[in-house]
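Engineer: Heads up: the sequence lines are chains P and X, in that order.
First residue of the first sequence: 36, per the numbering used here; consecutive thereafter.
First residue of the second sequence: 11, per the numbering used here; consecutive thereafter.
Among the clues, some could well be false.
As the list claims (entries may be wrong) - Taking CB as the label site, the calculated pair distances span:
{"no.": "1", "chain 1": "X", "residue 1": "65", "chain 2": "P", "residue 2": "76", "range": "37 to 45 Å"}
{"no.": "2", "chain 1": "X", "residue 1": "103", "chain 2": "P", "residue 2": "84", "range": "27 to 35 Å"}
{"no.": "3", "chain 1": "X", "residue 1": "14", "chain 2": "P", "residue 2": "93", "range": "31 to 39 Å"}
{"no.": "4", "chain 1": "X", "residue 1": "57", "chain 2": "P", "residue 2": "78", "range": "37 to 45 Å"}
{"no.": "5", "chain 1": "X", "residue 1": "59", "chain 2": "P", "residue 2": "78", "range": "34 to 42 Å"}
{"no.": "6", "chain 1": "P", "residue 1": "95", "chain 2": "X", "residue 2": "87", "range": "24 to 32 Å"}
{"no.": "7", "chain 1": "P", "residue 1": "84", "chain 2": "X", "residue 2": "12", "range": "19 to 27 Å"}
{"no.": "8", "chain 1": "X", "residue 1": "36", "chain 2": "P", "residue 2": "93", "range": "16 to 24 Å"}
{"no.": "9", "chain 1": "X", "residue 1": "12", "chain 2": "P", "residue 2": "79", "range": "13 to 21 Å"}
Read the hints as simulated data drawn from the structure, not as lab findings.
None of these values were measured; they are calculated from a predicted model.
Ideal Cβ placement from N, Cα and C applies to all residues, glycine included.
What follows is each chain in one-letter form.
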Amino acid sequence: MTRSGFTLLALPVLLALTTACTPRLALEAPKEPITINLNVKIDHEIRLRVERDLDELFSDDSDLF
Amino acid sequence: MKRIAGMIVVAMLALSSAVLALDLDSAKAQGLVGEQPNGYLGVVKATPEAVELAQDINTRRRQAYERIARENGITIEQVANMAGQRAISRAEPGTWVRTPEGQWVER
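Modelling step: build the complete structure from the supplied sequences, incorporating the hints.
Structural biologist: Structure (structure tokens):
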């Protein structure tokens, strides 16, 4: 009786411990890489747009180069 | 009459830009001017024609860089440097380009 009571108590405690821990880990880890990736992506997109604009300047119609 | 005059002006502009394009290419081929990392044409041999050509081209390049910079929210220098990199990497053999250290070298 005392033994099954112990397991009955231990189970929710274990559950509470594990559920309390996992979200903390999941939240902390990806924070920094995500912001870095976003910055790189924006920079990359602008770069592509500027390269496309420069294509016009370097085309035969333009006499700048 | 006004329309004819307008057409003549347009034709002359088209012609002058065609002449100028030839000038830039031949000036490069003659080694009078060359591309620089800053995106502007540099004078290698300072003849009056070369100086005038470089000034004209660079004024118009600056206007184009300014427009592209404004449209993309970056600085004129950033656009100009990207253009300079491209111009140097595309430079024809026998033309002159300037290194980032300021040395003129032949392609």
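Engineer: Hint by hint, note whether the structure agrees.
Structural biologist: Structure-based check of each hint:
1. X:65 <-> P:76: 37 to 45 Å: holds (39 Å)
2. X:103 <-> P:84: 27 to 35 Å: Because 31 Å falls inside the window, the suggested range holds.
3. X:14 <-> P:93: 31 to 39 Å: Given about 35 Å between the Cβ atoms, the range holds.
4. X:57 <-> P:78: 37 to 45 Å: Cβ of residue 57 of chain X to Cβ of residue 78 of chain P: about 41 Å, so the range 37 to 45 Å holds.
5. X:59 <-> P:78: 34 to 42 Å: Because 41 Å falls inside the window, the suggested range holds.
6. P:95 <-> X:87: 24 to 32 Å: holds (27 Å)
7. P:84 <-> X:12: 19 to 27 Å: This hint is violated: roughly 40 Å between Cβ atoms.
8. X:36 <-> P:93: 16 to 24 Å: Given a distance of about 18 Å, which is inside 16 to 24 Å, the answer is holds.
9. X:12 <-> P:79: 13 to 21 Å: violated (50 Å)
The structure fails hints 7, 9 (numbered hints given earlier, in ascending order).
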